[in-house]
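Based on the hints, put chain L in the right spot on chain V.
Take a look at the letters that make up each chain.
Protein chains: 2
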Amino acid sequence: MNNDIRVPGFLANGISCGIKDDGKKDLSLIFSETPAEAAAVFTTNIFRAAPVIVAEERVRKGKIQAIIANSGNANAATGAQGHRDACAVTGKLAKYLNIDESMIVPASTGIIGEPLPVDRIIGGIGTLADGLKPDGIESAAEAILTTDTFPKIAQRTFTAGGRDVRVCGIAKGAGMIEPDMATMLSFIMTDMAIGRSELEKTFRKAVDASFNAISVDGCMSTNDCVVIMANGHAENRLPREGTRDVRAFFENLLAVTDSLSRSIVQDGEGATKVITITVEGARTKREARKLAGAIANSNLVKTAFFGGDPNWGRIVSAAGAAGIQLIPEALELFFEEVLLFEKGMGVQPDRGRIREIMQRDAINVRVNLGMGNKSFRMYTSDLSYEYVKINALYHS
Amino acid sequence: MNNDIRVPGFLANGISCGIKDDGKKDLSLIFSETPAEAAAVFTTNIFRAAPVIVAEERVRKGKIQAIIANSGNANAATGAQGHRDACAVTGKLAKYLNIDESMIVPASTGIIGEPLPVDRIIGGIGTLADGLKPDGIESAAEAILTTDTFPKIAQRTFTAGGRDVRVCGIAKGAGMIEPDMATMLSFIMTDMAIGRSELEKTFRKAVDASFNAISVDGCMSTNDCVVIMANGHAENRLPREGTRDVRAFFENLLAVTDSLSRSIVQDGEGATKVITITVEGARTKREARKLAGAIANSNLVKTAFFGGDPNWGRIVSAAGAAGIQLIPEALELFFEEVLLFEKGMGVQPDRGRIREIMQRDAINVRVNLGMGNKSFRMYTSDLSYEYVKINALYHS
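Line by line, the protein sequences give chains V and L.
Just so we're aligned: 290 in my numbering is position 290 of the first sequence, and the numbers increase by one with no gaps anywhere.
Just so we're aligned: 1379 in my numbering is position 379 of the second sequence, and the numbers increase by one with no gaps anywhere.
Only chain V is shown next, with the shape it has when bound in the complex (with noise of 0.2 Å):
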């Protein structure tokens, strides 16, 4: 198999239908060539949109077959109405594919409290199924981007149960990054064979450890969805709980989530940089992790990475503030290899190293709590004018 974007057994295509206004892609279709198992992670937001309940429903049933997904508007706040036309959409799709309606995933995004464009996305879906091919993933990938300045892709081959093994996913914007809070959306695809309870299981760590580990700017969308199918074409020995087949497919779906998430950093609205944030020597991961979203999800913080300032105090204090037990003496802070703070004092550091590392597009900050053994990683962005502009002047 070569590099080319493309798992075995799936087709997709994007196409424009005609929602967004200046006729870029903004209808995707991903499509199993048979029922995939599937599980999925959507928004806890209370006022989840109409596609993401139904989603929710489709994929806690059964197997998943295809997922249509539509980019300019989110079909959210659109009370019954929203659940009746995002069934109408996939209720047309079923039938041209001919396929169990319950199999097909519906996802929107785009502006909020504007009745979906039922009729454009309906008149499009001919079109959409008639040019589904295996290298379509890359057109499917665009068709979903909304703000987005670039698609995102990741891929990785791997060997499992004595056959190569693929796993592919595409996503767009990351958490309330897009000014109409239509948001994050991924959609991962795998010929692994592998039982529903680990793929489960597996897919919610990935999804834990990478696109729930990133922050823009710390709002969650009514939309956010990220789906697995995973269709069994490899044809590998089904792999059994704990086995190493397991771990190495757990290591390579985390290799892609953690990819698109980053990628999502990197594209945030008017972000310049990616911060890495790694809070370890903590007594338990959720207070790493507590810790570690405070810092990411500071203000202060993110416009002194934009202004280039290697400013310890807002971190420590971003720390000191989070709600979790720390001991400020044990405390280290880490810009890279040099350290900033230690003792409960601020260090003088090299001034030529350290401007030298504020100058980079991506940096690592490194917290060591002192406390236990315990790590968590984030990805955050810095605030810039641009965020500012973007959601200033965005009107709904």
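Pairwise CB distance ranges, derived in the manner of DEER restraints: (1) T1157(L) / V338(V): 51 to 61 Å; (2) K343(V) / V1347(L): 49 to 59 Å; (3) I327(V) / Q1081(L): 14 to 24 Å; (4) D1119(L) / K205(V): 50 to 60 Å; (5) D100(V) / V1347(L): 33 to 43 Å; (6) T1044(L) / L339(V): 21 to 31 Å; (7) Q348(V) / A1330(L): 52 to 62 Å; (8) T1159(L) / I327(V): 45 to 55 Å; (9) T1044(L) / G370(V): 19 to 29 Å; (10) L1339(L) / K343(V): 51 to 61 Å; (11) K290(V) / G1195(L): 32 to 42 Å; (12) R353(V) / T1157(L): 57 to 67 Å; (13) R351(V) / P1115(L): 15 to 25 Å; (14) A1330(L) / K133(V): 44 to 54 Å.
Note that these hints are calculated values from the structure, not bench results.
C-beta: ideal position from N, C-alpha, C; glycine also.
Just chain L now, with coordinates in the frame of chain V:
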């Protein structure tokens, strides 16, 4: 008594002792002619500045007679030396005023991680103390400012226990509002005679509904501190718990702290608007507060107000992600009297009217959860280019 800013039995002064480069006032003293009952609320940040630690211990132990506060240096993240420096200042002042050092509260605001310029402060103590005067509160208010653009003073007179009673407060900065993180200080004076336990209870309630109900960027500094001194010079009858006099004191104290906290938001970094977020119809006050805070701290909500956009979707989404149980269909959202969201969907408002509201520099946002009768009100500011500029260009 006229409307001059003064409180019987209190003297104050503010001078420049040379901490700030630009010759602005940077050293402030409030003195009560007799030891006063006191209460205080301090930052819960784990990395507390040295003066906060000293102040807390002294307020806990007994009466207070003076507060000395410097701006320009926070004496934070300064280790054991910071503690010695804070005590050196109060020790010198105690000798000069011939009072017990344990009755002096120190406070600092400004740059963190740099040694307190003790010599300059001690060098200024003579001039500072010699200049104490009944009408010196305004100069004391000036001397605690950092990046604030105006001094914050509020005063009320009322009747209790057969006497006229005055309560007056000064304040600076807002929760992490300023780039050096040196934050919020407020000192309140009253000539009310009141027992310590009543004072403490009433004060905490007022702080909770005012200083703890504002958001500029959701950050909490290492130096936040609010102190009240009650010297009893009004010679009113000591009020007993739950009486009309205690209520009158609470109402007037709250009027003062509310005015100060609103001024802090109004003077927030880059703020162009004060937005009052009222959450009502909640099951508990704790939930109402949590929801108001989630909306008040949302960057997407704050940038929308900066841009003048009535983006109900961002408010509803912030509410849905706040981590409390809601009934989506029961939530109603109003900007002033204009309904924007109900029954799970947006409402088309009068466009002219909503445009007029969005152009104001003070906007009331009301969220009714329809689940109970508890409420909470918060002030927040918008998020502007200027905020990013101030915080990105500041160098530590």
